[in-house]
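Visitor: These protein sequence lines are chains A and B, in that order.
Per my numbering, the very first residue in the first sequence carries number 1; after that it's consecutive.
Per my numbering, the very first residue in the second sequence carries number 1; after that it's consecutive.
Bear in mind the hints are in silico, worked out from the structure with no lab data behind them.
Some hints could be false.
Stated by the list, open to error - Which residues of chain B face chain A? A partial, calculated answer using Cβ under 8 Å: (1) Ile114; (2) Asp150; (3) Ala186; (4) Ile189; (5) Asn251; (6) Gly267; (7) Met270; (8) Met273; (9) Asp274; (10) Phe319; (11) Thr339; (12) Ala340.
Even glycine gets a Cβ: it sits at the ideal position worked out from N, Cα and C.
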Amino acid sequence: MSIFVDKNIRLLVQGITGRQGRFHTRQCVLYGTNVVAGVTPGKGGEKIDDIPVFNTVGEAVDKTRANCSMIFVPPIYAADAIAEAADNGIELIVVITEGIPVLDMIKIKNYLKNTRTRIIGPNCPGIITPGQCKIGIMPGFIHKPGGPIGVVSRSGTLTYEVVNQLSSQAIGQTTCIGIGGDPVVGIGFMDCLDAFERDPDTKGVVMIGEIGGTAEESAARFISENMKKKVVGFIAGLTAPPGRRMGHAGAIVSGGMGSAREKIAVMKENGVYVCEDLCTFGEFCIEVFKQ
Amino acid sequence: MRIHEYQAKELFKKYNIQIPEGGIAFDPREARTVAREIRRFPVVIKAQIHAGGRAKSGGIKFAGSTDEVYSLANDIIGAKIVNSQTGHEGKFVRKVLVEEKLEINKELYLGIIIDRKTSKIVIIASRAGGVNIEETSSKTPEKIIRVYVDPNLGIQQFHCREIAFNLKLEFPVMKQFVRTLQRLYALFIDYDCSLAEINPLVITAKESVVALDAKIEFDDNALFRHRDIVEYRDIKEENPLEVEASEFNLNYIKMHGNVGNMVNGAGLAMATMDIIKFAGASPANFLDVGGGSTIEMIEKGFRLILCDKDVKLVFINVFGGILRCDMLAQGIVQVAQKTAIEIPILIRMDGTNIDDARKIFYESCLKPVYTVGLKDAAQKIAKLAGNGTGI
Numbered sequence: 001m002s003i004f005v006d007k008n009i010r011l012l013v014q015g016i017t018g019r020q021g022r023f024h025t026r027q028c029v030l031y032g033t034n035v036v037a038g039v040t041p042g043k044g045g046e047k048i049d050d051i052p053v054f055n056t057v058g059e060a061v062d063k064t065r066a067n068c069s070m071i072f073v074p075p076i077y078a079a080d081a082i083a084e085a086a087d088n089g090i091e092l093i094v095v096i097t098e099g100i101p102v103l104d105m106i107k108i109k110n111y112l113k114n115t116r117t118r119i120i121g122p123n124c125p126g127i128i129t130p131g132q133c134k135i136g137i138m139p140g141f142i143h144k145p146g147g148p149i150g151v152v153s154r155s156g157t158l159t160y161e162v163v164n165q166l167s168s169q170a171i172g173q174t175t176c177i178g179i180g181g182d183p184v185v186g187i188g189f190m191d192c193l194d195a196f197e198r199d200p201d202t203k204g205v206v207m208i209g210e211i212g213g214t215a216e217e218s219a220a221r222f223i224s225e226n227m228k229k230k231v232v233g234f235i236a237g238l239t240a241p242p243g244r245r246m247g248h249a250g251a252i253v254s255g256g257m258g259s260a261r262e263k264i265a266v267m268k269e270n271g272v273y274v275c276e277d278l279c280t281f282g283e284f285c286i287e288v289f290k291q
Numbered sequence: 001m002r003i004h005e006y007q008a009k010e011l012f013k014k015y016n017i018q019i020p021e022g023g024i025a026f027d028p029r030e031a032r033t034v035a036r037e038i039r040r041f042p043v044v045i046k047a048q049i050h051a052g053g054r055a056k057s058g059g060i061k062f063a064g065s066t067d068e069v070y071s072l073a074n075d076i077i078g079a080k081i082v083n084s085q086t087g088h089e090g091k092f093v094r095k096v097l098v099e100e101k102l103e104i105n106k107e108l109y110l111g112i113i114i115d116r117k118t119s120k121i122v123i124i125a126s127r128a129g130g131v132n133i134e135e136t137s138s139k140t141p142e143k144i145i146r147v148y149v150d151p152n153l154g155i156q157q158f159h160c161r162e163i164a165f166n167l168k169l170e171f172p173v174m175k176q177f178v179r180t181l182q183r184l185y186a187l188f189i190d191y192d193c194s195l196a197e198i199n200p201l202v203i204t205a206k207e208s209v210v211a212l213d214a215k216i217e218f219d220d221n222a223l224f225r226h227r228d229i230v231e232y233r234d235i236k237e238e239n240p241l242e243v244e245a246s247e248f249n250l251n252y253i254k255m256h257g258n259v260g261n262m263v264n265g266a267g268l269a270m271a272t273m274d275i276i277k278f279a280g281a282s283p284a285n286f287l288d289v290g291g292g293s294t295i296e297m298i299e300k301g302f303r304l305i306l307c308d309k310d311v312k313l314v315f316i317n318v319f320g321g322i323l324r325c326d327m328l329a330q331g332i333v334q335v336a337q338k339t340a341i342e343i344p345i346l347i348r349m350d351g352t353n354i355d356d357a358r359k360i361f362y363e364s365c366l367k368p369v370y371t372v373g374l375k376d377a378a379q380k381i382a383k384l385a386g387n388g389t390g391i
């Protein structure tokens with residue numbers, strides 16, 4: 001089992017003909033993902049390898065029954081692409097694009113509030129169910145299929161580091177999700193934690209946060225109130241100076257809010273097993289999850 | 001992106017938000033000219049820097065005559081303002097805003113931001129405006145009014161009524177306040193602001209509603225659709241190394257330690273700074289070369305670290321995913337071929353094309369110290385640059 005995605009998804013790639021879109025689509029196919037269509041307005045009728053390209057999402061869904069989309073279109077057109085996917089019944093939209101204006105994202109989020117559509121990202125590595133499907137830009141080979149640990153993170157390469165340490169300790173993963181580094185993202189920690197709690201194959205969860213906002217604090221309260229499974233947490237940015245945006249648009253300590261110290265304290269209070277030293281993350285997980 | 005108060009007030013003027021009469025001056029003589037044009041004393045002279053807390057640190061002064069304007073402007077321009085918002089290195093003043101001093105009856109606070117949690121636009125207002133708003137917010141949160149606006153609906157009359165009645169405004173003033181609020185909201189949306197703040201928004205003795213101060217910050221991700229705002233960028237307010245980095249799309253932030261570091265990805269870059277600190281040393285910078293970086297970007301990033309005189313050790317931490325390790329190695333080696341490197345270079349690489357990368361280093365003149373995994377890296381940092389304190 002896994003959460004949100006498995007080998008049965010039918011993936012559509014918006015922006016498939018761009019350099020990044022083309023490269024990562026191939027990587028996903030090589031990993032075993034079922035990519036059924038691509039969309040680039042004006043390039044309908046072309047093919048990327050064996051994948052048919054359509055002008056609109058509507059046509060692609062019609063012809064291929066795609067039910068999940070991965071978006072690579074540039075920031076200016078990204079909100080438009082998300083809305084197009086949602087309006088055509090796509091239920092899971094993975095937005096890789098970095099640099100989408102926040103106002104565009106909050107409009108989209110409010111627009112989709114009462115629909116079944118879920119957004120992962122933007123500015124994220126995507127989602128992978130090891131051994132089944134990869135929808136995103138993460139290196140597939142570091143993952144170890146079969147579980148029993150779920151991973152949810154706001155970061156990209158930091159997640160690869162953590163997953164690599166898990167795999168080297170022979171701890172496999174059920175599903176790994178990067179929810180994105182922007183101030184406003186689609187699904188959050190809580191949606192993923194809730195799904196992992198319900199997934200019978202996931203025995204424990206790793207949650208990787210960073211400075212900025214209060215998502216980790218809310219997640220910590222959710223964990224203490226709603227979860228029986230153990231959660232190991234890590235927060236990046238103990239040494240980040242206040243008021244500075246640390247690479248990710250959402251990673252900023254402002255007005256005394258969103259510091260790593262505060263997040264770690266709230267997580268510990270709520271029963272999250274916080275690992276403070278990234279160097280020993282794998283060993284830490286062995287200790288916590290060994291029962 | 002931040003802009004100066006006088007620039008924000010230019011935007012206010014465009015949106016018919018009332019501001020005090022005045023103008024910008026780059027030297028004391030210009031300040032005197034602006035004061036003469038105002039023709040009323042006293043006037044206020046305000047240092048234009050990208051930081052608040054100016055009143056408490058000598059950045060805001062009042063003058064009763066043109067001579068006094070000259071001498072006070074002379075004192076402020078060229079001075080260094082140091083307070084909690086500027087950081088201990090302070091901010092150098094290059095220009096002042098000279099404005100009429102208003103007779104004030106009441107100081108309000110009005111701000112607009114985006115609420116990350118609810119994905120709504122939130123209007124924040126208070127009757128307790130002025131310099132202590134942060135304190136008010138933390139000690140007496142009930143004095144802060146918050147109204148949430150759905151961005152797809154936009155600001156409505158009832159939002160305005162809710163704020164105006166809660167602020168206990170009388171009728172003629174209320175009408176002016178509501179207009180100010182609607183205009184500030186329009187500006188916020190039109191220009192993709194991340195913050196639009198008037199503190200204080202004053203009610204004058206003549207019952208006018210005037211923006212005494214102005215603070216606007218813009219969403220960097222939306223600057224592509226606001227070319228006119230990009231013109232407002234004042235690179236003199238930024239660290240020169242950071243400006244150079246931004247030209248190459250590198251995320252670089254200067255810090256105060258002596259271990260330079262270069263990482264791919266913001267999260268891992270932050271975590272790497274933390275590792276350096278845990279090892280008992282201190283990071284000299286934050287540098288995220290990003291996932292899609294080119295050899296040129298790696299080269300530039302590495303050069304930036306090397307030209308920082310504080311750096312005594314460089315730690316390169318890369319988890320190759322999209323960024324291939326061999327590309328990283330090429331960038332580093334290209335620098336080493338042109339520049340003599342006299343400080344130790346510690347490299348931790350994992351992921352895509354690591355064997356090719358090692359070969360590139362092996363055949364080059366550079367002799368980096370390799371580490372296997374992060375634990376080993378931390379120990380080597382401690383040995384090469386640490387003082388054994390940690391955090």
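Visitor: So, for every hint listed, does it hold in this structure?
Guide: Here is how each hint holds up against the structure:
1. Ile114: holds (6 Å)
2. Asp150: holds (5 Å)
3. Ala186: violated (13 Å)
4. Ile189: Holds: closest Cβ of chain A sits about 7 Å from Ile189(B), inside 8 Å.
5. Asn251: Asn251(B) check passes; min Cβ-Cβ to chain A is 4 Å, inside 8 Å.
6. Gly267: holds (3 Å)
7. Met270: It holds, given that the least Cβ distance between Met270(B) and chain A is near 4 Å, below 8 Å.
8. Met273: holds (5 Å)
9. Asp274: With a minimum Cβ separation of about 5 Å from chain A (threshold 8 Å), the hint on Asp274(B) holds.
10. Phe319: Since the shortest Cβ distance to chain A is 5 Å, the answer is holds.
11. Thr339: Status violated, d = 26 Å.
12. Ala340: violated (30 Å)
Checked against the numbered hints given earlier, this structure breaks hints 3, 11 and 12; the rest are met.
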